[in-house]
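Please build the complete structure, drawing on both the sequences and the hints.
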Amino acid sequence: MRFPVQETLPFEDLPEVPTASPWCQRWREGKHSWAHVRDGGFDARRYTVDVIPDAEPAKGFVLAHHYSGSYPAVTVQFGLYDVVDGERRLCGVAVFGVPVSTAVLTKPLPELRP
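Residue numbers (my numbering): 1 to 114.
Hints may contain errors.
[What the hints assert, rightly or not] Okay, the calculated beta carbon distance ranges per label pair:
id, residue 1, residue 2, range
1, R88, W27, 15 to 23 Å
2, Q25, L63, 14 to 22 Å
3, R38, E87, 21 to 29 Å
4, S21, D85, 21 to 29 Å
Calculated from the structure, these hints are not laboratory results. Keep in mind that this is a model prediction, so the values were computed, not measured. Where is the CB? At the ideal position from N, CA and C, for every residue including glycine.
Right, here's the structure in full:
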């Protein structure tokens, strides 16, 4: 499988770029890189999002590519699928679970009631 050439940002140790940026962050095998939209970066027209009912595809993807190398307790998981060629290819996963502590939500949102 060939991936587009990914440029380096002109910044050092930049953890995140605002979503209005023409750059997008990529994760592959636990390492991040950056790609410019003109060079194959994120184009929403190419993708669809669906619930992943079975844990295995999401778990395998996360374990292979996320920097933590672990999989959390899951409530619901979503897959980002590339559909540009008429095939559904899993290329991203969002996993939502139950936090281990209410402080995960109440510390940044003190008015929130558990």
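Each hint, compared with the structure:
Between R88 and W27 the beta carbon distance is about 20 Å. The supplied range of 15 to 23 Å therefore holds. For the hinted restraint 14 to 22 Å between Q25 and L63, the CB-CB distance of approximately 19 Å keeps it satisfied. Checked against the given bound of 21 to 29 Å, the beta carbons of R38 and E87, roughly 24 Å apart, stay inside it. S21 and D85 have their C-beta atoms about 27 Å apart, which keeps the hinted 21 to 29 Å range intact.
Checked against the numbered hints given earlier, the structure satisfies every one of them.
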